Amino acid sequence: MSNYLSVTDEEKKQMLESIGVKTADELFADINKDLWLRKLNMPDGKSQQEVMEIMSDLAAKNKVYRSIMRGAGAYWHYTPSAVKNLAGRSEFVTGYTPYQAELSQGVLQSIFEYQSMICQLTGMDVSNASVFSGATAAAEGILMCEGQRKKVLVPDNINPETTAVIKTYLSRKGMEIIPLPVVDGLVNYDALRGMVNQEIACIYFEQPNYFGLIEDAEEIVRIVHDCGGKVVTGCNPLSLALLKSPGECGADIAVGDAGCFGLPLSFGGPYIGFMACTAKEMRRLPGRIVGETLDKNGKRAYVLTLQAREQHIRREKASSNICTNQAHCALTAGIYLAAMGPNGLKEVSTSCTSMAHYAAEEMVKVGATLKYSEIQNGDVIKGEFFHEFVTVHKGKAAKIIERLAKDDILAGLELDKNEILWCFTEMVKKEDVDAAIEAVRRG
Amino acid sequence: METIFEKSKKGKRCSSIKPLRVPTHTIKNKYTRGDLNLPEVAEIDLVRHYTALSNRAFGVDTGFYPLGSCTMKYNPKLNDEAANLPGFTQIHPSQEVETVQGCMEAMYMLSEQLMEITGMDGISLQPSSGAHGEYLGLLLIDAYHKSRKQTGRTKILIPDSAHGTNPASAAMAGFEVVVVPSNADKGVDIDALKALVGNDTAALMLTNPTTLGLFEKNIKEIGKIVHDAGGLLYYDGANLNAIMGIARPGDMGFDVIHLNIHKTFSTPHGGGGPGSGPVGVKTALFPFLPNPSIIKTKRSEFEFKFLESSIGKIGAYYGNFGVYIKALAYILTLGGDGLKESSVMAVTNANYLKKGIADLYPTEKGRHCMHEFVVSLEDLKAKTGVSAMDIAKAMIDRGMHPPTMYFPLIVHEALMIEPTETESKDTLDNAIKVLRELYELALSNPQALKNAPATTVISRPDEALAARQPKVRG
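In order, the protein sequence lines correspond to chains W and G. Heads up: the first sequence runs through residues 1 to 443, numbered per the numbering used here. Heads up: the second sequence runs through residues 1001 to 1474, numbered per the numbering used here.
So here's chain G without its partners, still in its complex pose (with noise of 0.2 Å):
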């Protein structure tokens, strides 16, 4: 499909604004520029040309998208109308406090309510992503040790199951990684754990139900081991959807958490964001969080407070604000007994998932799997040659998006399926019957699967060679 660029044509026009009433004022020479080479184009054309995108596009409202540690659960219209409400989106973010007092009381209200479901004391909104939120909450505990003059606490302990974002915020906050090996059950390695903990421990991050998809029941014992070294637990909440209102994070002992509003509340990723990354901490480290923090006076009225002892700021004014308002609404659309009978319905969907296809696809056995399980075709391969990345591009041609391949990383040729609590029945019925078809593919015609996807715009591009040779603009 052409480009806009190429689909540009000398002297068409789209968009026009009213004509300026007042002088016309030129800029010096000095300062300004050559030729601005955008598209032409006409209204009918750029229509055409983002419905043609849209239709080379894939979403939650497409069809099934099990694409595991992602939660694309579908996104309700009602989170997304209210966020457009004119009296959210023409507000300046400078404008007199007495005139934001709705905004301040949606982000109290959605703070509240994401404290009571995370049991944690205090919560900052302001990171834009889960990946931003590692980040502030290891600023947050590394201004807590320096407080109390533990200035050695540099090393971050990290599972090699962990998000690749785990690590990288890590470096970016100044630490030092640790990798924690996991144990025969896929969990943390206590014994390991119990070596490398120290007096240079500054926390463990920690992701539960782990990137398995399994619940970690040590999870009390890693605490106190951590908590014992003088270090703090950190909660990756990319996996919340799993345990709303069934057990919560500030309850076994984690001390910082962050969340991933657009995974667990709903709202919609917009192919890649924005996003939100909430930050939970104890009271311990509440002196740390980002200015400003909103607090709700006597008179019930809003203001902004900035703390001294701050770590400052991460983003610029309050974050991702729109964002917020979705979770907001999709929260006291659920309320309490909403959000639990969410994740039960998300184990239960995918525990139906599994049980329908762990015959051909082994995964973890014995025990019950939380939101998502990881199926390995390391078998498969083998006797097949037929990859993991096989079997998901072929169940492209057959409507529905893949799980996330290759991942975690410490089991070979992974496919992470989470179904989320939103799809029924029928849609996961099916799901099994293509897994299991394509299984029994993979056994009589391994090259049909080698050739798949046949029914998209493009098959199988050739990563190696945009790498090679970069071509990133038109």
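So that you can see chain W by itself, here it is in the shape it has in the complex (with noise of 0.2 Å):
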């Protein structure tokens, strides 16, 4: 019934006079007449208003948890309101890849900005303009190391969302997977020791990893450029407030996610791959790039550069096939970390630590233990988490997420029949976290 079409009858009647037509239909005379199609299967059109109230019954079939202790890959939180604004600007929202730069400064100077600001986290010299996701950002920085060298070292410590696209992008690049014995929720060090050698491409490992525990990152580099490896780090941003950056601790590469900078939730995406590396590395990052030069006055002006990697010019020798990537992800996150600036972004990665050492401490004196750290007196004398980590019960994990979610809180995910990967954000609020620790509590 509705359409978004600006053009009346007559004028349509004018449009086809003026090609010399008589209908619309002699314009597809080209398509076979066996091969047209009567008519689609389906509804015809409704107006906005039915189709909001569908959308909106729709919505309304999901749960919305007033409290939500999960993450796992996908994180909640605090987005300012001028971040929703200006992103919702439609100039941003409605253009193009940025190809003609005379038409685009503000788009190429956002990303440019974007990727000062990722340089900065991760502590890496170039970033590009995103990917999909944390888990493509990981594949693509993986096969940015091939070469002569084709294993590839991985902990089975990492999001298993990961592990699925890493596996899926090296198993037709004849890269393989050599997995990496985890200790106590972390890499095995001397494990890792043992196993490097001329063979391995590079090692991916993620900081904070998959239970929220903090890696020794600079010894796992410290092995493995001993062999002439390189590392891909995949890190947490949020936790990069805080955290020593791959760069200091000498990673070549560092991809993640960063949904958690101003990207809700929606089931799961859009979110945003990052990818950074060294000054070394750039010419072998892929996607876009934006760089800066000079007009034909000398003014300064932004650009997609580097493109001698890119699909449209290489072809099949590009560094990726990616195109169309999360341009727009990437403006949002961009103005998160303006508006958090340094010292607001360290207050929100404080408080999500804060609360989830709250949370672990009170859970072990109400019967639970923690899988993989030992808290005393407030102090962590075993595996540093960051703001996920994982408890262990004598009952059934399920009953304690049954429990809280009839109390609208969306608990911690059950890894094993009872064990439970919480995650604490500057979203949450005290009342709830001793809800949850009184459903621990109760078992």
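Honestly, the hints are just simulated from the structure, not real lab data. You may find that some hints are simply not true.
Think about it this way: if two alpha-carbon atoms lie no more than 27 Å apart in a straight line, the pair counts; the simulated DSSO-like pairs of lysine-lysine are [as the list claims (entries may be wrong)]: (1) 33(W) <-> 1224(G); (2) 13(W) <-> 1355(G); (3) 173(W) <-> 1146(G); (4) 61(W) <-> 1298(G); (5) 22(W) <-> 1355(G); (6) 1007(G) <-> 84(W); (7) 346(W) <-> 1028(G); (8) 299(W) <-> 1425(G); (9) 1018(G) <-> 317(W); (10) 371(W) <-> 1009(G); (11) 33(W) <-> 1217(G); (12) 13(W) <-> 1149(G); (13) 1186(G) <-> 1381(G); (14) 1186(G) <-> 33(W); (15) 12(W) <-> 63(W); (16) 1305(G) <-> 61(W); (17) 1425(G) <-> 296(W); (18) 1365(G) <-> 12(W); (19) 46(W) <-> 1425(G); (20) 167(W) <-> 150(W); (21) 1146(G) <-> 167(W); (22) 1018(G) <-> 84(W); (23) 299(W) <-> 1471(G); (24) 1077(G) <-> 46(W); (25) 13(W) <-> 1471(G); (26) 1340(G) <-> 346(W); (27) 1296(G) <-> 39(W); (28) 1224(G) <-> 39(W); (29) 1077(G) <-> 61(W); (30) 63(W) <-> 1471(G); (31) 1149(G) <-> 150(W); (32) 173(W) <-> 1149(G); (33) 150(W) <-> 1146(G); (34) 417(W) <-> 1305(G); (35) 1381(G) <-> 346(W); (36) 46(W) <-> 1296(G); (37) 12(W) <-> 1425(G); (38) 1028(G) <-> 317(W); (39) 150(W) <-> 12(W); (40) 1217(G) <-> 22(W).
Since the structure is predicted, the reported quantities are computational estimates derived from the model, not experimental observations.
Since each chain comes alone in its own frame, lean on the hints to assemble the complex.
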């Protein structure tokens, strides 16, 4: 019923006359008659009002929790009003990839600033304009290390979504994943020492890892670099407000998902994969990169650059096939970081880690144990973690999760029948954390 | 214009969060970082900065955007509002399945509709862009051949007019690329194709309508040649906007397709994403679709299904979910009749614009174009020195976004023009007027075009300098 056309019937008639056809059907004369479709077997159009009702009804079939204590790769955070408002400006929303620099300085500069912020956070020299998600960023980061060496070390304490995507991306490239043993939830450094050799292209590990634990990244880098392998670190960029950056630790490539910077949970996407690397790896980096240059009058200008890496120039020799990325998500992340600033971001990060440590310590007091960590009098004596941790319960995890669901709280993720992976962010109220602790006490 | 870093002053603050009500945890020094240099601005500085940037950007909402192959149609506001409903935005991807039935139903509905529109038997929404879809489609083709013990099918045939993503995706999927030349009609050269196919052919990738905006008349013969050789036919859906409700890739013989939701189904491009590139397949390739797929039970509930034979995952969670909601709202609004009317109007608009300039800007003669057409400025350049780029830049001064330049590669000095169905006759008449004037100007005063654009904040940036001395961060 509704459409988005802007031509009257009379105008359409005039246009067809001008083209020299009697009916629009004649314009499709090149399509073999036996391919013509009689009619699509689907409902006719509806009014905008009806469509909004249908969409609202669908949304109402989902359960919106008042508090979310589940992370495992997707994180619930506060987004300042200005971020949503500015990112929603329609010149940003309705433009294409900024091929025409003169008309796209705003988009290009926003990406340049986003790249600068990602470089600051990761301690790297170069960032691209984004890829689809943290998972594809990890896969593309590993592919950057492909050369004579074909083996990739991957511990099984990383996000399982990422593991699955890496497997797919490597399967057709002749690269082999070598599982790296884990001890107490962390990379087994002794095992790693024994496994590195001249065949190892790189290691991919996560900081913090899937269980929320903080790895000794510098030790990993030392061991892998000693054998000439490269290091790809997958990081939660929010944790980088506090944690030593991959650059400081000596990594070659840093990747991750920046969905935590102003993007809603939205059932898993769109989020945004970021990729950054050292200057040495720059020409292997996939995706769009914005660079600064001068225009013909000597004015500062921004352009898509280093395009000799890309598919539209290099075709099958390109460093990746990526074309459309998550530009608008990068814009949002950039605005979020500018709105928070260094101090705001540290506060968010500190709030997350503090809430998590409070919850962990209190849960232990009421009978749970921490699978990988020990806390004594507020001091973590084993298994330092950021804002996620794994608890082990005497009773069933499902029962605790169910009990909290009745209280409108999404509990942590059940990892095993009596294990839960919790995540606490700045969004969670202390009363709700206390409700979770009570649910754990009751088991 | 200054960057946000240059506007930063130490001590300024914009947003804040609630005070911490639990003891502050301090992470051990061994793990903590040094300085963090992010911009420090007040809210008004932030708002002025990004508003100024938006004023230096151009979208469909700003004006005419005939960027060929990109289908820059109007992006309905209803779709954005639907995707922003809290019942969608506040849903965690790992929630229990009974609490996300609305999300799953929306994905199921969209998949069903895309299957009907394309004539395919199954759909995966997981890919996040067209190229991502191509990559998945090729992995499915590989899995299909291998399941039939056809391990020698290592080559993908790709026409010389194809998008750059086609060969790049084929290479990423581990295939060897074989280029198929075009014939005089700018379609696939049938004799060349016959000579190139064989028992090493995995698939032919084809865009139809082609990147020249022409329907591939020999599609059935092409399909037969590839199928007879044991290969599959892959459909690049970049140009589906020409044929919705009129003809379907599934009926043309395509085995695997990808769509560009952000082109055909009106979801905004966002300056380069997020997009979505669903992949459709015929039944024979069903077992290999990425995990998980969504099925509807007898009780009209929705479940995730994991297949052992699947190629696995190519993206986190379920892809760019928010984009699906926009596309679903669009398809529901238009319905089957509206989708067809959109395609008819897209093709009508393109032919009307073409008719208005074809005497000056040479393009394919003797047949109607589909939703776009490609003109060559080779003669004009020889005569006046004015290039496709010069005309494009001069269009900017006249308030419109330029067409796609220098693509497809088989046309010299190419401009690829796609007006889309949502533009009015007045807009097209103005575009015709402007393009005709620019042609006259090229003859009378070529230097004026060399100086364009003159109305923009910058003009003709030095791309060589940017690549030679990369400055990619502030």
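Going down the list of hints, with the structure as the test:
Distance restraint check for residue 33(W) and residue 1224(G): the Cα-Cα separation of roughly 18 Å lies within the 27 Å cut-off, and the hinted pair is therefore satisfied. A hinted pair counts as satisfied when its Cα atoms are at most 27 Å apart, and residue 13(W) with residue 1355(G) qualifies at roughly 15 Å. Note on residue 173(W) and residue 1146(G): the hinted pairing holds, with a Cα-Cα distance of about 16 Å set against a maximum of 27 Å. Taken as a hint, the residue 61(W) and residue 1298(G) pair is honoured in the structure, with Cα atoms around 18 Å apart against an allowance of 27 Å.
For the suggested pair residue 22(W) and residue 1355(G), the alpha carbons sit about 15 Å apart, so the restraint of at most 27 Å is met. With a C-alpha separation of about 21 Å, the suggested pair residue 1007(G) and residue 84(W) falls inside the 27 Å cut-off, and the hint holds. Restraint check: the Cα-Cα separation between residue 346(W) and residue 1028(G) comes to about 15 Å, which is no more than 27 Å; the hinted pair holds. In summary, the hint linking residue 299(W) to residue 1425(G) is not supported, as the alpha carbons are separated by about 38 Å, beyond the 27 Å threshold.
Proximity of residue 1018(G) to residue 317(W) is assessed by CA-CA distance (about 50 Å); at most 27 Å being required, the pair is judged violated. Our distance criterion of 27 Å between C-alpha atoms is broken by residue 371(W) and residue 1009(G), whose separation comes to about 44 Å. Taken as a hint, the residue 33(W) and residue 1217(G) pair is honoured in the structure, with Cα atoms around 11 Å apart against an allowance of 27 Å. Simply put, residue 13(W) and residue 1149(G) have alpha-carbon atoms about 56 Å apart, too far for the 27 Å limit, and the pair is violated.
A hinted pair counts as satisfied when its Cα atoms are at most 27 Å apart, and residue 1186(G) with residue 1381(G) qualifies at roughly 22 Å. At roughly 21 Å between alpha-carbon atoms, residue 1186(G) and residue 33(W) fall within 27 Å of each other, so this suggested pair holds. Between residue 12(W) and residue 63(W) the CA atoms are separated by roughly 47 Å; this puts the pair beyond 27 Å, and the hint is violated. For a cut-off of 27 Å, the pair hint linking residue 1305(G) to residue 61(W) stands: about 20 Å separates their Cα positions.
As the CA atoms of residue 1425(G) and residue 296(W) are separated by approximately 36 Å, the hinted pair breaks the 27 Å bound. Between residue 1365(G) and residue 12(W) the CA atoms are separated by roughly 23 Å; this keeps the pair inside 27 Å, and the hint holds. Between residue 46(W) and residue 1425(G) the CA atoms are separated by roughly 25 Å; this keeps the pair inside 27 Å, and the hint holds. For the hint pairing residue 167(W) with residue 150(W), the CA-to-CA distance comes to about 14 Å; that is within 27 Å, so the pair holds.
Of the supplied pair hints, the one linking residue 1146(G) and residue 167(W) holds, its CA atoms being roughly 17 Å apart against a limit of 27 Å. Between residue 1018(G) and residue 84(W) the alpha-carbon distance is near 19 Å, which keeps this suggested pair within the 27 Å criterion. For the hint pairing residue 299(W) with residue 1471(G), the CA-to-CA distance comes to about 15 Å; that is within 27 Å, so the pair holds. For a cut-off of 27 Å, the pair hint linking residue 1077(G) to residue 46(W) stands: about 15 Å separates their Cα positions.
In summary, the hint linking residue 13(W) to residue 1471(G) is not supported, as the alpha carbons are separated by about 53 Å, beyond the 27 Å threshold. Distance restraint check for residue 1340(G) and residue 346(W): the Cα-Cα separation of roughly 53 Å exceeds the 27 Å cut-off, and the hinted pair is therefore not satisfied. Of the supplied pair hints, the one linking residue 1296(G) and residue 39(W) holds, its CA atoms being roughly 25 Å apart against a limit of 27 Å. A threshold of 27 Å between alpha carbons decides the hint, and for residue 1224(G) with residue 39(W) the separation of about 26 Å falls inside it, so the pair holds.
Simply put, residue 1077(G) and residue 61(W) have alpha-carbon atoms about 23 Å apart, close enough for the 27 Å limit, and the pair holds. The straight-line distance between the Cα atoms of residue 63(W) and residue 1471(G) is roughly 47 Å, outside the 27 Å bound, and the hint therefore fails. Restraint check for residue 1149(G) and residue 150(W): the C-alpha separation of about 25 Å stays at or below 27 Å, so the hint holds. A C-alpha spacing of about 20 Å is found between residue 173(W) and residue 1149(G), which places the hinted pair at or below 27 Å, so the restraint holds.
Between the alpha carbons of residue 150(W) and residue 1146(G) the distance comes to roughly 22 Å, so the proposed pair stays at or under 27 Å and holds. Using a Cα cut-off of 27 Å, the hinted pair residue 417(W) and residue 1305(G) holds, with the two alpha carbons roughly 21 Å apart. In summary, the hint linking residue 1381(G) to residue 346(W) is not supported, as the alpha carbons are separated by about 57 Å, beyond the 27 Å threshold. Straight-line distance between C-alpha atoms of residue 46(W) and residue 1296(G) comes to about 24 Å, which keeps the hinted pair within the 27 Å bound.
The suggested pairing of residue 12(W) with residue 1425(G) holds, with an alpha-carbon distance near 8 Å, which does not exceed 27 Å. Restraint check for residue 1028(G) and residue 317(W): the C-alpha separation of about 45 Å exceeds 27 Å, so the hint is violated. Annotation: proposed proximity of residue 150(W) to residue 12(W) is violated, straight-line Cα distance about 60 Å (limit 27 Å). Note on residue 1217(G) and residue 22(W): the hinted pairing holds, with a Cα-Cα distance of about 22 Å set against a maximum of 27 Å.
In terms of the numbered hints stated before, the structure departs from hints 8, 9, 10, 12, 15, 17, 25, 26, 30, 35, 38 and 39, listed from lowest to highest.
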